[in-house]
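Colleague: Chain by chain, the residues run as shown.
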Amino acid sequence: MKITTDIASAGNKSDKTRSDCYITIKKLQRSKKLTIKLKSKVEKLYGADIEKLIRKISSFYNLDGAEIEVEDFGALPYTIAARFETAYKRIFKNETKEFLLPIKKALITSTTKDRVRKSRLYLPGNEPKFHINAGLHKPDGIILDLEDSVHPTEKDAARILVRNALRSVNFYGAEKMVRINQLPLGIEDLESIVPHNVHVILIPKCESKETVLKVDEKIKSIRQRNNIRNEIYLMPIIESALGIVNAYEIASSSSNICALTIGLEDYTADIGVQRTDAGLESFYARSIIINAAKAAGVQAIDSVYSDVGNLDGLYKSCIESKTLGFEGKGCIHPRQIKIVHKAFAPTPSEIEKAKLIVEAFDEAKRKNLSVISIGNKMIDPPVVKQALKILESAKQNFNEL
Amino acid sequence: MIKNKVGRYVPLYVNGIKQVAFKGVDKYKPKGNKASPAISSCTDYPKNGNKLVRNLKEALKFSGLKDGMTISTHHHLRNGDTVTNYLFDVVHSMGIKNITWSPSASFPCHEYLIKYLEDGTIHHIEGSLNGPLGKYASMGKMKGTGVLRSHGGRYQAIQDGEVHIDIAVIAAPTADMFGNANGLYGKSACGGLGFALADSIYADKVIVVTDNLVEFPCTPWQISGNNVDYVVQVDTIGDPAQIVSGTTEITKSPDRLLIAEYVAEFMDVAGILRNGFSFQAGAGGTSLAFIPFLKEKMKQKNIKARFVRGGSTKYLVELLEEGLTEYILDGQTFDLEGVRSMRENPKHIMTSPFTSYNFHGKGNFASMVDAVVLGATEVDINFNANVVTHSDGLLLHGIGGWQNCLYAGCTILAVPSFRDRIPVIVDDVTTLCGPGELIDVVITERGIAINPRRTDLIKKVKNSSLPIRSIKEIQQEVYEICGKPEKPKIDRRKIVAVVKWVDGTLLDSVYKVTE
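Chains as they are written, first to last, in my numbering: chain C, 3 to 403; chain S, 22 to 536.
Same shape as in the complex, but just chain S (with noise of 0.2 Å):
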C-alpha cells in the first residue's frame, strides 16, 4: 500500500498488475504508442459478408475461448439485458473459468451473475459494480480486486493496453450478417451502442449477438461490420420495458424540485446561461428535474444552446424539437422518445466515450462543455466527492461518466443535504471518486456553497437573493438536525475494489464492510 497524491492508500498491485497511484489532476500522461488489435486479412473471412453462426456458444468456442479471458458487455441495454446473464450460462456450460469481466456498466438484472463469481466461472469484474454486485464485493466475497472505470477511463484503459479484452460480445438491437449494427430499430431499441465502440476496435474477438437481423446493409453502423468476428441471431436481447422507459418522469420530490430550481437560478445568476451555451443532464433526480427550470428562463430570455449532451430524455428532446437547443450529442439513450429523436433528427448525434470522454484522444467534448450537473453519495469540505460507496462503506453505484463530466467549465454537484438522517457533506468522503479542485458547486435544499477556488463564480452570484453559504455552515446545520455520525467500523486490511482515476492512476481503494 502506499500514499497517493491527496493521501489515499492505494495497493501496488491489483489482481498482479503493477499499478500507478493517483499523482494529481492531469500531472500523468503516459507515453509510447497506443495498443493494437491484431492484423486481420479479409480473405479470412466469408466473402460473401455472411458471419452469422449457429449460436452463441459456437461464437465463443471460434473465438477460443479459453480460461482466465477477458469477456466484455455493455450497459446500453440496462436493467433490460438478457445477454450477459444468457452469455454466462453458456460459458458456464463449457466449463470455463476464471474469466475477467469487464462490463461497461453492471445493473440490478446482473444479479444473476452472483452464482457464477461463487462457482469461480467469473473471477472478478472490472468496470462496474452496481447494486447487488457491488455489496457482493463490499462483502469481500468476490475471488479477484474489482476495478472501478468510468466511461471515458474504460475506453483510456483499452487504448493504453492496460485492459486487453480478448472477447467482445456487443448486444445490438438490430444488425446484419456481416456485423453492422445500431440500437436505433427493432423491439429492444435503445438508441446509441457508443459504449461497445472501444471493445469493437481493440477486442481480438467481436461477436454481434441481435434479435433484429436485417438485411445487409444495416444503416446507420455505429458498430462497423469490418470490426465482427461473429454474428448470432437470437430471439430476444432482453426487456424492452427495461431497456429504455416508456418516458422518462421527473421527480415529484418539491424537496428535490428545489434544488433544481435553485440549479437554474444559479446557471442563470452566475451568467453560464447566456446565447450559444451548453450544459449536460442525467437521467435521475435532480440532474433531470433542472431542465425544465432552465428552459422555462430560456424561453423567457430568448437564449438558446448550441448543444447539450445527454443521457437524452423528452426533455432535451423537447428542446431540441422546439429550438431551445441546435444539437443534443447523445451518449446514453434513457427512454423511447429519445429514441425517436436519435432516428429522425439528424441533429440529435451518437457519440461514444471516444469523442466524449477519453483521456487519451486529442481533446474531449466533457471540458468543452459549459455546465454539467452530477449527483453524489458524498461530498466533504473540501469539495472532494463519492459516487461509488455509502457512508456506511457499501459499494453500490458504478462512476459511469461522473468522473469524466467534471472537466466541465463549471461542475455542479445537486444533492440533498441528508438522505433517511445520513449527511451527504462529510469531514471527509469514504471513497475519493472526483478531487475536490474539479467541482466549483454543490447545490442542496439547505444553500448553494461554492468552491473557494472559484472566486470568479462567488463574485457573480455575490447579490443575488440565491442562499450561498459556505460548505461548513451546511455540513454544521446538518449536524444539528441529525446528530453526528459515527465513523462505521471499516476493515483497511481487505480492499475489495479500487477507484480509477480518468487517466488510469490508482485514486482510493474501497475496502471490505464488517457485518
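Excised from the complex, chain C in its bound form (with noise of 0.2 Å):
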C-alpha cells in the first residue's frame, strides 16, 4: 500500500464543535502496538463504547502500530467511522475498502417519480450536527450536500460521512438526495453513494444534457455491478443562461429525471445582475424552467430563499412560485420548512374540486364506465391523477397542522 504520510488527521474540533469528533492517526514503522488515546464530552459514559469501535475499525483495515488521538464531542457511531476512514485514507491512498456499519433495516425505503416534492432541505453534508434531527421538521426531501457548502479539502471526508448518514440516520420518511458535486467529481461522489439507499440525486450546475446522461450511465452501471434495485431519479440543477437556453434538452434527458430545478444565486451572477426580492431578473429563467419541465412531464421545483430570518417574505415568495407553476422550493433552514408547506398547500377551493373529480372517478370505476365526467364535462386520466395528488398534499398538510 503507498504511504506518503505517516500521520492524518480528520474532523473538526473547536469551541462550538457537537456531534462531530477528530481523530488523528499515526502510523508507527516499528511498532505492531495499537494504542488508543480518547478524550470525550461523553467519556464516561461512551468511552468504552467508541474504544471498541476504533478497534474493530482498526482490525477491519488490519491497522497495527498505530497511534490514534481522539478528541470527541458527542459524535454519532457514524460519524465516528467515517472520520476514521477518512483519516486512515489520507494515508493509505490507495484503500479502496469501505468499513461500513450495519444499515438500519428500518430506514431502507422506497420513492416515486412523482411524490410531493414542495420542501427540500439543504444539509451540508460534512456536518454531522445538521443531520441527525432534520428528518423531525418533516420536509418531503433532505439533501445530503457535497457541493457548495463542503470546503474542497473536505470533499473526501463528505463524502464519507454522507455514505454513512444514508444508512444510519433516520430521516424520518423524508425523501434522501444527494447534491453530488459538478463533473467530473460528481461522478466519483457517485461510486460512495449510489449503492446506500439514495432516492435523488441533485446535478449541480447542469448545462446540456451530455452531464446527465453521464450521470445517469454511470448510476446504470453501478446499480448493474451491485445488484440495487431501488429507483434513483435525477433532479437537473440549472445555474446558468447556458443551462436555461438548454433546459428543455435537460429536461427530457432520461426517463429517470423527476424534476427540475433553479440555482438563481449562481444564475444572478452568470447573468451579471443581483439578485432582488421582486426577482424580476429571472422571471424570464423560471418560466423557461417551468415550461421545460411541463413539457418534459416532470415537477418543476424553485430555488432557495436565502432570508432565513424573514418567513413572510418566504411565504410571498412561495405563493409566487405556486403562481408560476412551481411545485416546490429549496429550504436553507428548518424553520422554512412548515412556511412552504402551507404556501404550497392546495386551496379549499382545489381541494373542493379535486374530490369531486376523484369521486366521480371512483364511480365510473364502480360502474365499469370507460369515460368518467362530472356533469357533463369529460375527466382525462391526467387530470384524475393531479386531483389524487392534490388531496394527498392536503391530507399531508392536516397531518402537520
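Treat the hints with care, as some may be off.
With a cut-off of at most 30 Å between alpha-carbon atoms, the simulated DSSO-like pairs for lysine-lysine come out as follows [to be verified]:
1) S:136 to C:41
2) C:397 to S:480
3) C:369 to C:324
4) C:43 to S:164
5) C:43 to S:508
6) S:162 to S:480
7) C:222 to C:115
8) C:340 to S:335
9) S:480 to C:340
10) C:15 to S:505
11) C:344 to S:325
12) S:368 to S:320
13) C:344 to S:481
14) C:41 to C:15
15) S:318 to C:340
16) C:140 to S:322
Read the hints as simulated data drawn from the structure, not as lab findings. If you're wondering where the values come from, they're calculated on a predicted model, not measured in any experiment.
Got two chains here, each in a separate frame; can you build the complex from them with the hints?
Modeller: Laid out in C-alpha cells, this is it:
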C-alpha cells in the first residue's frame, strides 16, 4: 500500500463543535502496537463503546502499529467511523475498502417519481450535527450536500460521512437526496453514494443533456454491479444562462429525471445581475424552467429563499412560485419547511374540486364506465392523477397542522 | 444511611445535624412554632435613622462575626454579583474560619470563592451549587456536605429553624441610610429582591450593601429598613451587563423551537389555554421559547391570561403591555425590559419565595398556576426528574424554583431527547430532585410522553395530531440512535451533597465523582 505520509487527521474540533470528533492517526514504522488516546465529552457513558468501535475499524483495515487520538464532542458512531476512515485513507491513499456499519432495515425505503416535493432541506454534507434531527422537521426531502457547502479540502471526508449518514440516520420518511459535485468530481461521488439507499441525485450546474447522461450511465453501471433494485431519480439544477437555453433538452434527456430546478444565486451571477426580492431578473429563467419541466412531464421546483429570518417574505415568495407553476421550493433552514408547505398546500376550492373528480373516478370504476365525467364535462386520466396528488398534499398538510 | 420512601439512600446526619428522610409527597408536616428572630428595641438604633457604617468590615465586626457562623447572600445580581466575592475577601482578612455560606443561588462568577473553600474560610455551602462550585464539590473537595434546596425550601428551612442565618448580606441596587431597599433603580438595577426577604426577617443581623444611596425614604421598600442593622455604601455592587441581559434572546435552534411549538400546541389541545388561565415561564431555552408560539395562539383565539409567573423577560412584558395577560407575578427579573416594566407598571408585581413557593405558608402561588414549563438534566421512565447532576454524576446546577413549580396544575418538562449523544430519558435518574407523581408531561423533539397517571390529559389530546408516545418508546428510539450508555462509576461511600425536598426532608444524595 502506498504511503506518502505517516500521520493524518480528519473531523472537526473547536469550542463550538458538537456531534463530531477529530481523529488523528499516526502510523508507526517499527511497532505493532495500537494505542488509543480518547478525550470525550461523553467518556464516562460511551468511552468503552468508542474504543471498541475504533479497534473494530482498525482490525478491519489490518491497521496495527499506530497511535490513534480521538477528540470527541458527542459524535454518533456513524460519524466516528467516517472520521476514522477518512483519516486512514489520507494516509493509505490507495485504500478502496469501505468500513460500513450495518444498515438499519427500517431505514431502507423507496420513492416514486411523482411523489410530492414541496420542500427539500439542504444539509451541509460534512456537518453531522445538522443531519441527526433534520427529518423531525418533516421536509418532503433532505439533501445531503457534497458540493458548495463542503470546503474543497474536505470533499473526501464529506463523501464518507454522507455515505454513512444514508445508512445510519433516520430521516423519518423524507426522500433522501444527495447533491453531488460538478462533474467530473461528481462521477466519483456516485461510487460512494449510489449503493446506500439514496433516492434522488441532484446534478449541480447542469448545462447540457450530456452531463445528465454521464450521471445516468454511471448510476446504471453501479446499480448493475451492486445489484441495486430501488429506483434512483435525477434532479438537474440549472444555474447558468446556457443551462436555461438547454432546459428542455436537459429535462427530457432521461426517463429517470423526476424534477428540474434552478439555482438563482449562480444564475444571477452568470447573467451579471443582483438577485432581488421582486425577482424580475430571473422571471424569464424561472418561466423557462417551468415550461421545460412541464413539457418533459417532470416537476418544476424553485430555488431557495435565502433570508432565513424573513418568514413572511418566504411565504410571499412561495405563493408567487406556486402561481407561476412551481411545485416546490428549496429550504436552507428547518423553520422554513412549515411555511413552504403551507404556501404550496392546495386551497380549499382546489381540494373541493379534486374531491369531486376523485369521486367521479371512483364511481366510474364501480360502474365499469370507460368515460369519466362530472356533469357533462369529460375527465382525462391526467386530471384524475392531479386530483389525487392535490388530496395527498392536502392530507399531508392537515397532519402537520 | 437509610433508604427513604422512594428507595433513595440518604444520611441520618448532615454536617452534624439530624435529618428526616423523605416520606412521600405531602406526607411530612412538622409541628410546633416557627423560628423567631430576637426581640429588638428601636432605641438601640440611631434616632435619625442613619445606619450607615464606614465599610463592610465594620458592619461585620459590629454584627459580631465569629468562626463557624452562617452568612447568607442572594442571587438577584446573578453572574454580575461582586458583593459576595468581596464579602469573603473581607471575612478572610478578618481571619475568620469555617463559615457556612448560604446563598439563594451561586453563579460561575463565584468560582473565585474556591480559594476560600480551600483555605477553610468557608466550611460548606448550603443552598445551591452551580457550575464550578458544583464541580469542586463533586470531586469531594468541600469540607462539609453541600445542602441543596429549592427557593421555597430555603424559606421553609429558615422558617422552621433548620437554617439559622447569623448574618445576612443583602446587595441592594438602591437603598437609603435606614436600610429600605429595592432593585428597581440605580446603575445595578436588577428587578425584585424577593430572595432576600426571609433573611431580612429572620437573620440575627442584616447588612444592606448598596451602590446607589438615596435620601430617605427609598420607595418602594421590598426590603424594609425596619429589619436592617447596618447600611454600607460601596462604589459598585456588580457588573450591570451580567446582572440583567440587555435583551433576552430566544433560542435559534430549530430543534428547541420544535419542542417549544409542541409545548404551545399541547397547552392548547389539552385545554389549558382558555380565558383566565395562568402559566409560568423561565428565562432560558425552551421554557422561554414557547411563549411566542403561545402568544400567537392566544391572539388567534382571543384568549387572555389572568396572570403569568416569571422569571420576567421582555416576552412576558409584551404579553402584559399588549393586554394578553392582566398581571405578571415576578419572582426574578431577567432583562432590562423586565426591570423597566416592574418599575413602571403597577400590574407587574414583585413577589418572593414566601408568596410563591414556601411550604410553611398558608398556601402558595405555585399550586395555583395552570401550567409550568421546566427543563431537566434527566427524566426517567417513571417520570422522576433530575436538575442538579448530569448523567456522569457531576453536580452542575442548583434547584432554583424548580421543585416548587412541580405543584402546578400541569407540569411540563420540555427537554431534548438527548444532548451530545447523552440520552435525557434514562432508566433511573442519577439524582432524584422531583418525584414522578408531580411530573405530568415530557415534551421532546421526538415525541410527547404523558404520565399514565394523567388519564385526563391523555384523553384530551388523544385525537390531536401531536406525536404522543410512551416514554419508553422515545427512550428506545434514542438508544437506537446513540447506543445504550454505560453506568458511570460513582463512589457511593462518599456523599458530597444532599437534595432536600420542599418540606425539608432528604430526597436524595449526591455522590463523589471518580476521576
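Colleague: Compare the structure with each hint and give your call.
Modeller: Structure-based check of each hint:
Straight-line distance between C-alpha atoms of residue 136 of chain S and residue 41 of chain C comes to about 28 Å, which keeps the hinted pair within the 30 Å bound. Restraint check: the Cα-Cα separation between residue 397 of chain C and residue 480 of chain S comes to about 24 Å, which is no more than 30 Å; the hinted pair holds. Restraint check: the Cα-Cα separation between residue 369 of chain C and residue 324 of chain C comes to about 36 Å, which exceeds 30 Å; the hinted pair is violated. At roughly 28 Å between alpha-carbon atoms, residue 43 of chain C and residue 164 of chain S fall within 30 Å of each other, so this suggested pair holds.
The straight-line distance between the Cα atoms of residue 43 of chain C and residue 508 of chain S is roughly 15 Å, inside the 30 Å bound, and the hint therefore holds. Between residue 162 of chain S and residue 480 of chain S, the direct Cα distance comes to roughly 50 Å. Violation of the 30 Å bound is thereby established for this hinted pair. Note on residue 222 of chain C and residue 115 of chain C: the hinted pairing holds, with a Cα-Cα distance of about 17 Å set against a maximum of 30 Å. At most 30 Å may separate the alpha-carbon atoms for a hinted pair to count; residue 340 of chain C and residue 335 of chain S meet this at roughly 26 Å.
For a cut-off of 30 Å, the pair hint linking residue 480 of chain S to residue 340 of chain C stands: about 27 Å separates their Cα positions. The straight-line distance between the Cα atoms of residue 15 of chain C and residue 505 of chain S is roughly 25 Å, inside the 30 Å bound, and the hint therefore holds. A hinted pair counts as satisfied when its Cα atoms are at most 30 Å apart, and residue 344 of chain C with residue 325 of chain S qualifies at roughly 27 Å. For the hint pairing residue 368 of chain S with residue 320 of chain S, the CA-to-CA distance comes to about 20 Å; that is within 30 Å, so the pair holds.
For the suggested pair residue 344 of chain C and residue 481 of chain S, the alpha carbons sit about 26 Å apart, so the restraint of at most 30 Å is met. A C-alpha spacing of about 12 Å is found between residue 41 of chain C and residue 15 of chain C, which places the hinted pair at or below 30 Å, so the restraint holds. A threshold of 30 Å between alpha carbons decides the hint, and for residue 318 of chain S with residue 340 of chain C the separation of about 16 Å falls inside it, so the pair holds. Between residue 140 of chain C and residue 322 of chain S the alpha-carbon distance is near 26 Å, which keeps this suggested pair within the 30 Å criterion.
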